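2 protein chains.
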Amino acid sequence: MRCANGIEARQVNELFINIDPIQAGGRLTADAMKAVIAYGDGYSVCDNCRKPNRLDYINKPPIAEFHRDLAAWLNMDSVRTVPGARRGFQAITNTYVRKGDPVLLTSLSHYTEFLAIEETGGIAREIPHDADHKITADATAIKIEEVMRESGRVPVLAFIDHVDYQYGNIHDVKAIAKVAHHYDIPVLYNGAYTVGILPVDGKDLGVDFVVGSGHKSMAAPAPSGVLAATKERAAEVFRTTAIEGDVTKRKFGIKEPEMMGCTLMGATLVGLMASFPLVKERVKHFDRELENNRMVLEALLSVSGTKVLSEYPRNHTLTRVDTIASFDKVAESHKKRGFYFSGALEEKGIVGVIPGATKVWKFNTYGTTSKQARHLADAFVTIATENGLSLMK
Amino acid sequence: MRCANGIEARQVNELFINIDPIQAGGRLTADAMKAVIAYGDGYSVCDNCRKPNRLDYINKPPIAEFHRDLAAWLNMDSVRTVPGARRGFQAITNTYVRKGDPVLLTSLSHYTEFLAIEETGGIAREIPHDADHKITADATAIKIEEVMRESGRVPVLAFIDHVDYQYGNIHDVKAIAKVAHHYDIPVLYNGAYTVGILPVDGKDLGVDFVVGSGHKSMAAPAPSGVLAATKERAAEVFRTTAIEGDVTKRKFGIKEPEMMGCTLMGATLVGLMASFPLVKERVKHFDRELENNRMVLEALLSVSGTKVLSEYPRNHTLTRVDTIASFDKVAESHKKRGFYFSGALEEKGIVGVIPGATKVWKFNTYGTTSKQARHLADAFVTIATENGLSLMK
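Sequence order for the protein chains is A and B.
Note that our numbering gives residue 233 to position 233 of the first sequence, counting from 1, and the numbers run on in steps of one.
One gets our numbering by counting positions in the second sequence from 1 and adding 393 to each.
Bear in mind the hints are in silico, worked out from the structure with no lab data behind them.
Treat the hints with caution; some may be incorrect.
[Stated by the list, open to error] DSS-like mimics (lysine-lysine), calculated; alpha carbons at most 25 Å apart, straight line:
| id | chain 1 | residue 1 | chain 2 | residue 2 |
| --- | --- | --- | --- | --- |
| 1 | A | 359 | B | 642 |
| 2 | A | 134 | B | 677 |
| 3 | A | 51 | B | 722 |
| 4 | A | 359 | B | 644 |
Values in this document were obtained by computation on a predicted structure and should not be read as measured data.
The whole structure should be built from the sequences, with the hints applied where relevant.
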């Protein structure tokens, strides 16, 4: 079935249980689906734009109210919407990082954090993870001292992922922020896997910025994201324009240069807004998500040789496993090689594991029902036994 | 009717003829509406992402093919999709503009061009328009010489809007680019009102970059846009990442820092792709659009006292008029003041004129049928005569 000339209508989330690591939290709610159709047209949210002519002041649809609610929900002072978390990173690095400045991130940081640093000419310095793949406050302090010793400079910014994309481990942002602040380093909390998934309280964490991803974790269309700041930092990152035309003497009011003027528009913004009531509710029930994850992971671990590489027991549904001594053994002699695994899953209505991957791979059970989690658990066990793998006694 | 909790379903383009200056070219096609539903979920286009793991290499949906077609259609060597034209500007200023560098734009330039310069610390220098509100090659040469004399520096970049947002006038980009290139200044063609509306041939224009807006002129959801470059400039703006993790020694393949890695995702991209066949076709029929504009503008000019401020006869459907000596006269004594005008238009099924505006205002007839244009023309004349304004003999 095609939705347009040459474009197949996507039905992945209608026809399958999808455990893709990055897609689980970004599935639209029914309200968001209706909203993207109603507000699909380009400048759809601008019908009632009035002075001071900035998108986040529009009352109909209730964009201004959404911004206030969003800031309160994150317990931060100000918030803006951005076209993806990465554009939030970019606004912050462009404000604080100059050529040659050292910037902290971690050995588990996402590539977009590196790119945001590269764009401003900063030097990326990784805080190493420990043996458990966790970033600690101690490691942060040691790294800051190392950077100071080597470069004579204090890092100008620290990116800390609350939950990293590699292991889905939870890192102690609160303790890390305390250390960073001891050196007056502003802390950017990367909540790409938490904002919209878990409760996030920016003030309690003691961070300067909270960045979240709409399309990764807030049931919104891409590209969308949020950038929240404390009052002090908002004055810096959300400063208003000061440029002027030399001939016309034009100025540009309260537009913000780091936001490139009006922020997230149209279908993406309204999708984010439409999903927000459900998103606020769903973060209160993460225990159910962990329970489903436990059910699936225990089934995987019941296959002899399977190891979990993420922290265990799990505190997040994004999970990394090592099946070199289990499912990959089958691949060695299977006529479809590693593709037998994703193929067998697909036959059971499951997608989201990289086709061909049987060594180290990730999955995310977020958003599954307990019945679907049961089906996932049974599917992994069945595929193991059908291919002659033994189960743990 | 609500599409989500607290959000009214928008029906502006279903219930009214909408002549809003910025909304006319961004209404979705039927195919785009279907596509945004099918690809509404966050990372929807990433189902079949394979090595080298960059969005513009994905074949299903046919994103890679779309990029090739788009570059060919604009007659440029490379193209990327971006979250709005402004993000294309930003990538270019971040590549070429350093603190204190003079940058050319025009006295009719859009504010987002100023913000892109401000973000990098550049100095905005406006090429003045002439008495007809046109930017000329001569004025460009004079301004370059002036900047060089005053700052001892050659401008590092020139933003030229083919059609400006204030008057909808067409400026001679080809001649201007020739002058700029005489001084080795790269030229950014701002096609926010042309790409998707008129045929655009980048090589023939002799520009270094073509930037277009999906949500303004390519029948796509917001935020979306395109950034095309010549081969030489592509190597600069689309350079690949060189940053490395100091602990992990990670590198990030062919991701591009100015693009912040993967480019436009999900519903916005697929909306742009779904509308593309119709957009390619519609640019061939701009004569019909001008004919509708002529019909409406002649009706407005038939009201004694109305003046057209845009170049006349019109070469674009975005038009600025002065009704101080016509419709504004009525507002002086009308109990609804200036709001009588937008109110009367709305009663006739017409929206898009700023409520209360009766002095200088803009409209855009793009996308109307000839029957709708006739209705618009009749509506303006009827409102004039009903309010005692006289018509030209």
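Verification of the hints:
1. A:359 / B:642: 22 Å, holds
2. A:134 / B:677: 58 Å, violated
3. A:51 / B:722: 24 Å, holds
4. A:359 / B:644: 22 Å, holds
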